[in-house]
Amino acid sequence: MKKYRYSITTLLVLALVVASCGDQNGKASSNGALSSSAAEKVYVAPGEQDEFYAFLSGGYSGNLTVYGLPSGRMFKEIPVFSQFPTSGYGYSEETKPMLNTSYGFVPWDDLHHPDISQTNGELDGRWIFVNGNNTPRIGRVNLSTFETEEIIEIPNSAGNHSSSFITENTEYVVAGTRFSVPVPQRDMPINEYKGNFKGALTFISVEPEHGRLDIKFQLLMPGFNYDLSHPGRGESHGWFFFTTYNTEEANSLMEVNSSQNDKDFIAAINWKKIEEYVNGGGGTKIPANYAHNVYDETTHTGTSTMNKEVLTVDPTKVPGAVFFLPTPKSPHGCDVDPSGQYIIGNGKLSADLTIHSFDKMLAAIEEKKFDGEAYGIPILKFEDVLAGTVKSGGLGPLHTEFDAKGNAYTTFFISSEVVKWKLGTWEVIDRKPTFYSVGHLMIPGGNSRKPFGKYVVAMNKITKDRYLPTGPEMEHSAQIYDISGEKMELIYDFPTHGEPHYAAGCPAELLAPKSKKIYRLNENKHRYAVTNPGEARVERDGNEVHIYMSTIRSHFTPDNIEGVKVGDKVYFHITNHEQDFDVPHGFSIIGQNTSELLVMPGQTKTSVWEPKQVGVWPFYCTDFCSALHQEMQGYVRVSPANSNIDLSWSLGE
Amino acid sequence: MKKASILMIIGVSFLLGLFNFPLWNIVLGAPQYPEPLGMNIHIDGIRDMNEFDLQNIDGLNHYIGMRKLPKPEEMWEFSVFPMVIGGMIILGILVGLLGFLGKVDYKWFIGWFMIMSILGVLGMYDFNAWMVDYGTNLDPNAIMKLANPDGTPMSYKPPLFGHAKMLNFDVTSLPATGAWMMFTGMMLTIIAFFIGKSAKKATVKKHVVTAIKVKTNDK
Ligand SMILES: [Cu+2]
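Quick mapping for you: the protein sequence lines, in order, are chains A and B. Take the first sequence: its letter number 334 is residue 334 in my numbering, and every next letter is one higher. Take the second sequence: its letter number 36 is residue 689 in my numbering, and every next letter is one higher.
This is chain B alone, in the form it adopts within the complex (with noise of 0.2 Å):
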C-alpha cells in the first residue's frame, strides 16, 4: 500500500503540469499563413502560440462577424478551472499521504480518479459549448455573411479534436502538453489503484495464515 500511495502522489502532480502548459492547442494555417496562427487553450486562459497571434487572429475573424476571443477575466472557467484543478490535486495527494499512513485504502484513489474525470469530461462538454456559441453566434452586421450551400448561414465552430477546413484555414484542435500530463497522472493514480488493490489482498491472505497458525497454536 505504500508503494501504491507514492505512485498516488505522483500521479495526482502530474497535474501540476497544467498551471505551466496549455491544456490544448488550435493551429489556423492557410496558403498567406506559412507560418500558421496559434492559440493555446490554459486552465487560465488563452494565450498566443506565436506572439500577436490572438491579435491576427481576432483581425481575420471580425470579417465574418466573430467576437473577439475572451479575455481570462471575460469567462468565470478561467477563474473556476485552476481552483478546481488545484482543489483536486490538494484532494489527491492528501489521499495519497493518508494511505501512505494506512488511514484510507485503496477506493480512494479510484474514488478519486472518477471524480476527476466526471470533472473532466464537464469541462471538455462547457469548452465545445463555448465553441459553438464563438463559432455560431455571429455578428448580424459582419462585414462577409457566408452561407452553406442549403441556404444556412455559416458555422465557424473550430473542432473540439482533429482537423477541420473553415474557409481558407486549415484548423487543427488537438490536445497539448497539459492534457498529456494530466492523462498521464491519471492514468497513474489507475494504477496506484490497482498495486493498492493486490497489495491489500496479499495482506489479507497473510493475515489469514497467520491467523490459522494462531488457532493451531492454541490448540
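Next comes chain A alone, as it looks inside the complex (with noise of 0.2 Å):
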C-alpha cells in the first residue's frame, strides 16, 4: 500500500512542475501583438455566421450543446437525457416517454460522446448519437430539428462509456460498457467478479432513411473495462477497436488494482464477421427488459416500448472475430487515423502514445503468432502489432484527433497540453499548454476519413482564474487553437455548459441550409392538435378535461374556460399556429407542478395541471412574442369538486 501512494505522490508532484512550465508560456503568448491577430481570428463581425458547428456533450448536464467556431459563440442547449423546463422537455406529455427505462423515469444521465453520421467515411450531417453513461442509453438527435428523436436503452450494460460511436456509413453506433457486471444481473458475492462479470460490447443497427435504432447483437466480453472505442476506417471499415483497463479485473481499490498489468489490451472486433455470423442465425436470444423510445416528427409525440430479448454473441463461437492487442498501461483514447491505418492507444498512466499497424495485425491474425489467450480470445504480440511509439515528454494522453495533412493531435491531462505529432514519423512537431487538464479535443470531422483541419477545440476540466470567478461552482474552459500553420497558437478561451467530455464539429454549410424553420401546421398529426381555431375546445371526461388551445400572435384561444373542478385533471393541449420563423409561444399556469412549454410555430405540446383551491387562476405566454405579448393571457374558472357549472370556454366575448 505505501509503496502506490509514494508512486502516485511522484506523479502529482511531476505534474505540478509540468503544469507550472505551461504556465508560464500561457501567460507570455497571451500578450503584445500576437493577442490581436489572434483576435482577427475568432472575431465573427455580428450579422455573420460561424464556418463551424460544435457539438459539445454536456457531461453531468446530460445534454447537448451547440456552439459557433471560431467564435465559440453557443446557440442552442439540446436536451437529450435531462429534463429541460427551458422547453418543457421531460416535462410535457409528448416527450415524458423519451426518459423512461427498466428503471422507470430517468430524468437525467451523464452524456459523453457525440458522434455525427457519416456516409463513406465522411461527415454527412443526417443526425448526431450520443450516450447516457449512467443508466446505459444511446440517443439520436436529428439534425434539421436539433432534437432528440430517439433513445434505447442497452441492456446488460454499465456506464456505457465506450460509447456513441459510429461505424463508416452509420451502419451501426456502438456501445461499449465501461463496468462490467453479472449478465444476465442476479445475486452474488462482489468478490467472485473475476471470470463471472460480463463487458457487454453492443452494436446497434441504423436504419439509413429514418435512422431508427435496433440492437442487432451484444458481444459478451471477458469482464474487463471497456473504456473508448473507435471505428476502422478506409482499409480497416469492418472492424472495430475498444481500448481496456482492469484486464486484472479487480473489484475494489480500482485505482490502484487496476493499474497493476504492465499492458492492457486493445480489443479489436470484426463486427462484419460478427454480422455475418448473426445473419446466418448465430448467437443466442436471452431475455432483457430495455426501453425504446421513440419521438414523431409529425405528432410531435414519443412513445415507449419495452422490449424483452436481446441477441448476444459468445466472442469465442466466431473464431478470428476477437484479437486482443497489449497496449501499455491502462490505455483510455481509443482513435484510428483518418486512412485507417494506425490504431492509437493513448495509454493515460505512462508518457507514450502506442500506435499499432492495421496491417501487421492482419498479417501476425494470418500467421497466427498468437501470445496466449485470454478467455479464448488471442492475443497478438506487443512487438508484432507495434507500428511506433511516440516519445512525446509529456504526461497522461488521454485522446487523439487528426488533421488532413497527415498530423495527430494529442491532449494530455496531467502535463495539461496538446501535443502535435506526424503520423508515421512519430516525432513531435509542437506542443502547446492547456488551461488546465485538458480532457478530449476536436478537430472539425478530426475522427472520419476527411477531418476539417483548420482549429482544434480543447476541452480542459479545471477552469480557475480563466474567467471572472462565480464561487466555488464555475463551468469548465475550452480553447480554441488554430492548427492551419506548423505551429498551433491558442486564439480563444470560451466556457462550456456542463463537462464536455467529447464533441463533434463539421462545416456550417453541411448544416445551416436544411435546419428546419418551423413545423408546418397542416402536417401536425398530433391526436390533440387544433389546426383550426374554430375547433378550439374544452372536453370533459370523467375527471380529466381536455383544453383543445391555439395560439397566435398574441392570444389563446380559448382564454376564458370555466367549469373546471378542484380535482380534475387539466390537459392543457397547446396548438402554436404562428408559421413564421422564430415566434414561439409559451404556456404556463399559476401553481403547475411542471415547467412551462414552449411551442414552436407548427407545434402541440400538453401541459397538466391539477388544480388544487377554488378560484379564478390566470396563465400566460411565458414567451415575448409580440409588442402585446404581455396582453397574452387568459383565465381558468376553478369551482368546488361538487359544483355543477358546465363547461364552457370563450375568446373576445
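Cut-off 27 Å, straight-line C-alpha distance, at most; resulting in silico cross-link-like pairs (BS3-like, lysine-lysine):
#1 A:Lys517 x B:Lys724
#2 A:Lys450 x A:Lys41
#3 B:Lys853 x B:Lys655
#4 A:Lys381 x A:Lys272
#5 B:Lys721 x A:Lys517
#6 A:Lys76 x A:Lys454
If you're looking for bench data, these hints aren't it; they were derived computationally from the structure.
Now that you have both chains on their own, put them together as the hints suggest.
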C-alpha cells in the first residue's frame, strides 16, 4: 500500500512541475501583438456567421450544446437525457416517454461522446448520436430539427462509456460497457467478479432512411473495463477497436489494483464477421428488458416500448472475429487515423503513445502469431502489431484527433498540453499548454476520413483563473487553437456548459441550409392538435379535462374557461398556429407542478395541471412573442368539486 | 405584311406569361425580417413570395387594423382579369392571323394595342384604388392607432411603384415578370404595326409602278 501511495505522490509532483512550466508559456503568449492577430481569427462580426458547428457534450448536464467555431458562441442546448424546463422537454406529456427506462422515469444522465453520422467515412450531417453513461442509453438527435428523436436503452451494460461511436457508413452505433457486471444480473458476492462478470459491447443498427435504432447483437466479452472505442475506416472498415483497463479484473480500490498489469489490451472486433454469423442464425437470444423511445416529428409525440429480448454473441464462438492487442498502461482514448491504418492507444498512466498498425495486425492474425489467450480470445504479440511509439515527453495522454495533412494532436491530462505529432515518423512537431488539465479535444471531422483541420478545440477540466470567479462552482473552459500552420496557436478561451467530454464538429454549410425553420401546421398529426382556431374547445372525460387550445400573436383561443373543478386533471393541449420563423409561444399556469411549455410554430405540446383550490387562475405566454405579449393571457375558473357549472370557453366575448 | 403578322402573333402571345408569372411584386423588409416578406400579385389572385408570407403579413397588419389580404374569390378583379386578358389574347392572335391571310390591314394591330393600353391603365387605376382602400380603411378597434404629425390617421397604402418607408418596414413595389412580358409583347405589336405600315407603302409603290407600266403598254 505505502509503495503505491508513494508513486502516486511522485506523479502529482511531476504534474505540478510540468503544469507550472505551461503556465509561464501561456501568460507570455497572451500579451502583445500575438493577441491582436488571435482576436482577428476568432472575431465573427455582428451579423456574420461561424464557419463550423461544434456539438459539445454536456457531461453531467445530460444534454448536448451547440457552439459556433471560431467564435465560441453558444447557440443552443439540446435536451437529450435530462429534463429541460426551458422547453418543457421531459415535462410535457409528449416528451415524458423519451426518458422512460426499465428503471422507470430517469430524468438525468451523463452524456459523453457525440458522433455525427457518416457516409463513406465522411460526415453527412443527418444525425448526431450521443451516449448516456449512467443508465446506459444511446440517443439520436435529428440535425434538421436539432431535437432528440430516439433513445434506446442498452441492457446488460453499466457505465455506457465506450460509446456512441459510429461505423463509417453509419451501419451501427456502438455502445460498450465501462463496468462489467453479471449477465444476466443476479445476486452474487462482489468478490466473485473475476471470471464471472461480463463486458457487453453492443452493436445497434441504424436504419438508413429514418435512423431508427435496433440492437443487432451484444458481444459478451471478458469482464474488463471497456473504456473508449473508435471504428476502423477505409481499409480497416469492418473492424472496431476498444481500449480496456482493469484486465486484472479487480473489484475494489481500482485506482491501484487495476493499474498493476504492465499492459492492458485494445480489443479488435471484426464486426462484419460477427454480423455474418448473426445473419446466419448465430447467437443466443436471452431475456432482457429495455426501453426504446421514439419521437415522431409529425405527431410531435414520443412513445416508449419495452423490448424483452436481446441477441448475445459469445466471442469464442466466432473464430477470427476478436483479438487482443497488448497496449501499455490502462489506455484511455482509442483513436483511428483518417486512413484507417493506425490505431492509437493513449496510455493514460504513461508518457508515451502506442500506435498499432492495422496491416501488421492482419499479418499477425494470418500467421497466427499469438501470445497466449484470455478467456479463449487470442492475444497478439505487442512487437508484431506495433507501428511505433510517440515519445512525447508529456504525461497522461488521453485522446487523439487528426488533421488532413498527416498530423495527429494528442491531449495530455497530467502535463496539461496539446501535442502535435506526425503519423508515420512519430516525431513531435509542436506542443502548447492548455489551461488546465485537458480531457478531450476535437477537430471538425477529426475522427473521419476527411478532417477539416483548421481549429482544434481543447476541452479542459479545470477553469480556475480563466474567467471572473463565480464562487466555488463554475463552468468548464474550452480553448481554441489555430492549427492551420506548422505551429499551433492558442486563439481563444470560452466557457462551456456542464462538462464537455467530447465534441463533434462539421462545416456550417453541411447543416445550416437544411435547418428547419418551422413545423408545418398542415402536417401536424398530434392527437390533440387544433389546426384551425374554430376547432378550439374544452372536453370533459370523467375528471379529465382536455383543453384544445391554439395560439397566435398574441392571444390564446380560448382565453376564458369555466367549469373546471377542484380534483380535475386538466390537460392543456397547445397548438402554435404561427408559421413564421422564430415565433414560439409559451404556456404556464399558476401552481403548475411541472415546467412551462415552449411551443414552436406548427407544434402541439401538452401540460397537465391539477388545480387544488377554488378560484380564478391566470395563465400566460412565457415567450415575448410580440409588442402585445404582455396581453397574451387568460383565466381558468376553478369551482368546488361538487359544483355543477357546465364547461364553457370563449375568446373576445 | 406576313412578317408583321407573325410578329403580331408572337407579341400577343407574350401576354400568356401573365397566366403563370406575377404581374406585380411587393416586398416588405424590416430589421426583424432579414429574409423579407413578400407578395406576388397575379391576375387571378395574390400569392406568397415565400411560403406563409401572406399569413405573416396579415398577422402583422392586424395590429394596425388592416384587413386580411383578399382571397381570389373576395375580389371580382381576380375572376374578370383573366377573362379580359384571355379575350385580348384571342382577339390579338385572330387579328394577326387575319393580317397574315391579308383579310385585315396593319391598322388593326395598333387598334389592338390601344385597347390593351386603355385596359392596362384602367387595371392600374383599379389596383391603386384597392391599395388606397386597403391601406386607409382601417378597423376602428385596431390595437395600434397611429397618427401622422399633423394628427391625421396614418395611412398604410403601399406604393404603386417604387419604395416607401412604412413604420419599421421598407416596402418596395415593382412590376414583376408577368408585367415585363406584357410590356415586351405590347412593344412587339407596335413594331408589327410599323413593319406592316412600311410593307404596305412598299406594296403601294410597286402597284403604282405596275400600273404605270400597264398604261405604257396600252399605248
Ligand atoms: Cu406569445
